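Sequence order for the protein chains is A and B.
1 is the number of the first residue of the first sequence in our numbering; add one for each residue after it.
116 is the number of the first residue of the second sequence in our numbering; add one for each residue after it.
No lab work stands behind these hints: they were computed from the structure.
A portion of the hints provided could be inaccurate.
Think about it this way: if two alpha-carbon atoms lie no more than 30 Å apart in a straight line, the pair counts; the simulated BS3-like pairs of lysine-lysine are [unchecked claim]:
no.	chain 1	residue 1	chain 2	residue 2
1	B	LYS184	A	LYS53
2	B	LYS193	A	LYS53
3	A	LYS18	A	LYS38
4	B	LYS184	A	LYS22
5	A	LYS19	B	LYS184
6	B	LYS215	A	LYS38
As the structure is a prediction and not an experimental result, all values here were calculated from the model.
Chain residues, written in single-letter form:
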Amino acid sequence: DTEVTQTPKHLVMGMTNKKSLKCEQHMGHRAMYWYKQKAKKPPELMFVYSYEKLSINESVPSRFSPECPNSSLLNLHLHALQPEDSALYLCASSQSERSSYNEQFFGPGTRLTVL
Amino acid sequence: AQSVTQLDSQVPVFEEAPVELRCNYSSSVSVYLFWYVQYPNQGLQLLLKYLSGSTLVESINGFEAEFNKSQTSFHLRKPSVHISDTAEYFCAVSGISDYKLSFGAGTTVTVRA
Chain A
1 DTEVTQTPKH LVMGMTNKKS LKCEQHMGHR AMYWYKQKAK KPPELMFVYS YEKLSINESV
61 PSRFSPECPN SSLLNLHLHA LQPEDSALYL CASSQSERSS YNEQFFGPGT RLTVL
Chain B
116 AQSVTQLDSQ VPVFEEAPVE LRCNYSSSVS VYLFWYVQYP NQGLQLLLKY LSGSTLVESI
176 NGFEAEFNKS QTSFHLRKPS VHISDTAEYF CAVSGISDYK LSFGAGTTVT VRA
């Protein structure tokens with residue numbers, strides 16, 4: 001299984017809502033990533049988890065809260081978002097954070113719209 | 116730190132014509148290089164990668180890229196494109212002991228009949 005799955009595919013939420021994005025992989029990868037991608041732009045790294053611990057936070061606002069319940073799952077909890085947070089949120093995984101072969105496998109993304 | 120420059124933001128091309136997407140990188144350390152493709156309304160898929168060894172790498176769907184260390188380039192080519200190759204293409208680089216992928220701005224390829 002070389003797949004990263006993400007749910008939901010689409011999400012519309014108001015600025016006062018709380019929602020969560022989910023990512024799952026069964027490749028035995030120990031590093032997982034959240035990216036944000038605006039239209040016609042490259043992905044921007046948000047968070048990196050390595051061996052289920054938060055390794056990197058790229059100065060992301062606290063209204064985004066990541067969680068890694070186990071080595072296969074990665075969540076992104078959303079609260080009090082702004083319209084400018086509307087984007088495609090991509091999850092990725094790789095063998096490990098600092099392996100000599102850091103090929104990242106991407107999920108299909110969750111298209112988020114904040115009203 | 117590494118950085119990537121994709122020299123063409125948009126490349127229109129006719130079906131069955133060749134295409135080349137240019138990518139240059141900057142790094143003070145040895146690197147791995149990647150090309151990712153993103154079809155409309157989808158996530159990123161790895162197209163091909165250079166880790167070490169032969170400087171010419173090929174994908175299963177006819178793309179190839181050549182790593183040129185002296186010119187710090189990793190250009191992507193396909194001799195004959197199909198309508199289905201219409202997509203956004205991202206060049207990316209990482210240091211060989213680095214977690215972070217640095218992406219270029221992307222090249223939009225539009226294939227017309």
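Hints and how they fare:
1. Simply put, LYS184 (chain B) and LYS53 (chain A) have alpha-carbon atoms about 36 Å apart, too far for the 30 Å limit, and the pair is violated.
2. Restraint check for LYS193 (chain B) and LYS53 (chain A): the C-alpha separation of about 41 Å exceeds 30 Å, so the hint is violated.
3. Restraint check: the Cα-Cα separation between LYS18 (chain A) and LYS38 (chain A) comes to about 21 Å, which is no more than 30 Å; the hinted pair holds.
4. Note on LYS184 (chain B) and LYS22 (chain A): the hinted pairing is violated, with a Cα-Cα distance of about 39 Å set against a maximum of 30 Å.
5. Straight-line distance between C-alpha atoms of LYS19 (chain A) and LYS184 (chain B) comes to about 46 Å, which puts the hinted pair past the 30 Å bound.
6. For a cut-off of 30 Å, the pair hint linking LYS215 (chain B) to LYS38 (chain A) stands: about 19 Å separates their Cα positions.
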